[in-house]
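Trainee: Next come the chains, spelled out residue by residue.
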Amino acid sequence: MNVSLSMLLLIAACAAVTIVPRVLPFLIIRNLKLPVLALRWLSYIPICILTALVVSNVLGESGPLSFDWQVIAIMIPTILFALWTKSLLFTVIIGVVLMAALRFFIA
Amino acid sequence: MADVHASIGAEENNDMTFRQGARDCIPTLLGYISIGIAAGVVGVAAGLSALEVVLLAVLVYAGSAQFIFAALVLNGSPAAAIILTTFIVNLRHFLMSATMAPHFIQYSVWQNIGFGVLLTDETFGVASGKVQLKRGVTASWMNGLNVTAYICWIISCAVGALFGNWISDPEAFGLDFALTSMFIALLVLQLDAIESTKINHYIRLILCIVILMVGFSFFVSSHMAVLLATILGATIGVVTEK
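For the record, the sequence lines run as chains A and F.
Using our numbering, the letters of the first sequence map in sequence onto residues 1 to 107.
Using our numbering, the letters of the second sequence map in sequence onto residues 1001 to 1242.
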């Protein structure tokens, strides 16, 4: 249960490079009237980044054009369930249950 | 302007209390718990002490970065490479913070620093969904959401680091899919809040991002691909909107 000095410094440096990009926009944008165009650009960020994150979970780890077919198979009913219930909690639960079931039957 | 007034007046909005923020965090907790435990297990397996794993959770507070940190430490990467990789992996949060920041300018600098430090993919997903519903997001609500997620993450990482050997493979229970299904649900909820006249524009944009992601995966790491596809996607969104 000890922390070496070099590890502590490494963790602190990683914390710094993580915190700066997280905090900087909050500090800049308070002192700056953003043009309408910039606000419109920012309004697209949630959908774009969420889509990109979903796709990054679908892309497999073994090089380009490799896909995680388990994830794709379970994604489809999960999307339909999300559209139907509009519930974050139930969608997460059903996704996990379906994935567990798929792996159980494959194994 | 109406939005600005709505969010200033929202401090009195009983709906958006600290407690409600904590409650709105609940759907994301399954993801935090399973990934946090996994991050703890991986950290210890890579030779970090349990205390170092907890320090990582407290100070860096980023799932994918913590996994990569452990992997790089394990294969003896130089410190500069570890720091640079962490920076790139977490750079997407810059875009998320920039998206959230305009909604919180009425709060103090320290409050804003707090929002920034505790911003994650999950809390951003929940908060940006609320913002889009044009319900004024208050500082108390945001803190409730953020603090709940933060505490849950630290505890999960600690549990993984301390009891990792006794916990069976979380993938067997489909828990690794919690994060993906959460992103899917957040995306669907975002689309649901969009006016019906614009929905086709957004569907086309989503298809663009899928293609961009597959394309970028030939050239760059998946974290870089997320960053580039998002920046390019938002630009395409603005340029092609009517």
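The set of hints was computed from the structure by calculation and includes no laboratory data.
Mixed in with the good hints there might be a few duds.
In the DSS-like style, the derived pairs of lysine-lysine whose C-alpha atoms are separated by at most 25 Å in a straight line are [as the list claims (entries may be wrong)]: (1) F:Lys1134 - A:Lys86; (2) A:Lys86 - F:Lys1198; (3) F:Lys1134 - F:Lys1242; (4) F:Lys1198 - F:Lys1134; (5) F:Lys1134 - A:Lys33.
Pair by pair, the computed Cβ-Cβ distance ranges are [what the hints assert, rightly or not]: (6) F:Ser1108 - A:Trp69: 24 to 34 Å; (7) F:Arg1019 - A:Phe90: 18 to 28 Å; (8) A:Phe104 - F:Val1109: 18 to 28 Å.
Note that beta-carbon positions come from the ideal geometry of N, C-alpha and C, so glycine has one too.
Trainee: Is it true that Phe104 (chain A) and Val1109 (chain F) lie within 18 to 28 Å of each other by Cβ?
Mentor: Given a distance of about 51 Å, which is not inside 18 to 28 Å, the answer is violated.
Trainee: Lys86 (chain A) and Lys1198 (chain F) were given as a pair; does the straight-line alpha-carbon distance stay at or below 25 Å?
Mentor: Distance ~19 Å between Lys86 (chain A) and Lys1198 (chain F) Cα, so the pair holds.
Trainee: Just tell me: holds or violated, for the beta carbon distance of Arg1019 (chain F) and Phe90 (chain A) against 18 to 28 Å?
Mentor: 21 Å Cβ-Cβ, so the 18 to 28 Å window holds.
Trainee: Would you check the hint for Lys1134 (chain F) and Lys1242 (chain F), treating anything up to 25 Å between C-alpha atoms as holding?
Mentor: holds (22 Å)
Trainee: Do the alpha carbons of Lys1198 (chain F) and Lys1134 (chain F) lie within 25 Å of each other, as the hint requires?
Mentor: holds (17 Å)
Trainee: Do Ser1108 (chain F) and Trp69 (chain A) keep their Cβ atoms within the hinted range of 24 to 34 Å?
Mentor: About 49 Å separates the Cβ atoms of Ser1108 (chain F) and Trp69 (chain A), which means 24 to 34 Å is violated.
Trainee: Under the criterion that the straight-line Cα-Cα distance not exceed 25 Å, is the pair Lys1134 (chain F), Lys33 (chain A) satisfied?
Mentor: holds (20 Å)
Trainee: Take a quick look at whether Lys1134 (chain F) and Lys86 (chain A) sit within 25 Å of each other, Cα to Cα.
Mentor: Holds, because 17 Å separates the two Cα atoms, which is no more than 25 Å.
Going down the numbered hints, you'll see the structure goes against 6 and 8, while the others check out.
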